[in-house]
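Here the protein sequences line up with chains A and B, keeping their order.
Residue 106 in my numbering sits at position 106 of the first sequence, with consecutive numbering throughout.
Position in the second sequence counted from 1, then plus 1000, gives you my numbering.
Be careful, since some hints might not be right.
What the hints assert, rightly or not - Taking lysine-lysine pairs in the DSS-like style, the calculated list, with each CA pair at most 30 Å apart, reads:
no., chain 1, residue 1, chain 2, residue 2
1, B, Lys1021, B, Lys1036
2, A, Lys46, B, Lys1110
3, B, Lys1110, A, Lys96
4, B, Lys1107, B, Lys1051
5, B, Lys1050, A, Lys96
6, B, Lys1165, A, Lys66
7, A, Lys66, B, Lys1142
8, B, Lys1165, B, Lys1036
9, A, Lys96, B, Lys1037
10, A, Lys66, B, Lys1107
Hints listed in this document are in silico derivations from the structure and should not be mistaken for laboratory results.
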Amino acid sequence: MANTAHIPTSNSALIAMIADEVGTTFEDTVVGFLLAGVGNVDLRRKTNYLIVDSKTTDKQIEDAFKEFTTRTDIAIVLISQYVANMMRFLVDSYNKPIPAILEIPSKNHPYDPAHDSILSRVKHLFNAESVASTRH
Amino acid sequence: MSGQSQRLNVVPTVTMLGIMKARLVGATRGHALLKKKSDALTVQFRQILKKIVSTKESMGEIMKTSSFSLTEAKYVAGENIKHVVLESVQTASLKVRSRQENVAGVKLPKFEYFTEGETKNDLTGLARGGQQVQQCRAAYVKAIEVLVELASLQTSFLTLDEAIKTTNRRVNALENVVKPRLENTISYIKGELDELEREDFFRLKKIQGYKKREIEKQLAAAKEFVEDKFAEKISLQKGISINAAHNLLSAAREKDEDIIF
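Taking the hints into account, I'd like the entire structure generated from these sequences.
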């Protein structure tokens, strides 16, 4: 197929993260994943995660998103949904299969499936399908 | 779009008819195959759809547990564990590997995570809360497991969606554009060939009739000639040339001058 994106088979790829750490609350998603061993710092001191706090500008988040989605060694980008909402247009317009964008919930911001670009499509299809299947 | 414009611009010949028929057969087979492919993809797509929904739901649960265990670890190990963790990041020990899965010619990526190198235990050396930290790590690894699965499902979902769209477009194009056009072309060529045949037949008939007439004419001429010959012969025998006889006859028709008066 000519128009399907080429999917590289890599032996090892990273998981990137853009997640929040908001102000005074000591809840943050990145730390947990870093603890699990996801974090990576390369020779040029570039990290594969971005901690969004109250000082982080939208521009920085967008740049990080663009960088993570264009890097070849990243297979999955985790974005906390609260951050994804800040640049919804970018996330929605992204349509490549790799790296996969995943919106994850964070504690202070409850998960809303309606905002998730993928899940809204899934739900839409799923509802249509279940309606169709009940009609039979 | 009339029927006339819906055909290929070809010379109506028998060879072309053969080519068109072969193409129609090819298009029909291709259509059937693509239809099958589309069906297979749709089956897969629905399975993935169901899986995505259930995994998304379980993701919320797991994230909640892991967040809770992180809070526990923080409570036990102190607030500054965050900074220790952030400082101790070097190379990723938890990575993903992707491989491809082939569904009806569409390559779907499948991610799986793996740990590389030894699990870092340096954080257990903190003053307190080593066990909680370990639990927290385990919880997050579990969360990653789910997230990675979800990522591969989601990627498959997008890829399949795209593939199904393309396949369906091709199926419809074959069914509604290519096949009718070929059929129209075939019927056009057939019609044209029939027309040619009728024309030929008519021409042959015409020539036949012409020849027949020509022969009859010649026969008639020959007959006349023979009759003329015959008449001349008889008149010669009688001593009068046929011309003289004619003259005689024609002379008789002329008004006679009175000789005496």
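Tested hints:
Simply put, lysine 1021(B) and lysine 1036(B) have alpha-carbon atoms about 23 Å apart, close enough for the 30 Å limit, and the pair holds. A C-alpha spacing of about 27 Å is found between lysine 46(A) and lysine 1110(B), which places the hinted pair at or below 30 Å, so the restraint holds. Proposed proximity of lysine 1110(B) and lysine 96(A) is supported: the alpha carbons are some 15 Å apart, at most 30 Å. Taking the CA atoms of lysine 1107(B) and lysine 1051(B), the gap is near 18 Å; set against the 30 Å cutoff, the hint holds.
In summary, the hint linking lysine 1050(B) to lysine 96(A) is supported, as the alpha carbons are separated by about 21 Å, within the 30 Å threshold. For the suggested pair lysine 1165(B) and lysine 66(A), the alpha carbons sit about 27 Å apart, so the restraint of at most 30 Å is met. For the hint linking lysine 66(A) to lysine 1142(B), the alpha-carbon distance of about 27 Å falls within 30 Å, and the restraint holds. Restraint check for lysine 1165(B) and lysine 1036(B): the C-alpha separation of about 14 Å stays at or below 30 Å, so the hint holds.
A hinted pair counts as satisfied when its Cα atoms are at most 30 Å apart, and lysine 96(A) with lysine 1037(B) qualifies at roughly 22 Å. Restraint check for lysine 66(A) and lysine 1107(B): satisfied, since their Cα atoms lie roughly 25 Å apart, inside the 30 Å limit.
In this structure, every one of the numbered hints holds.
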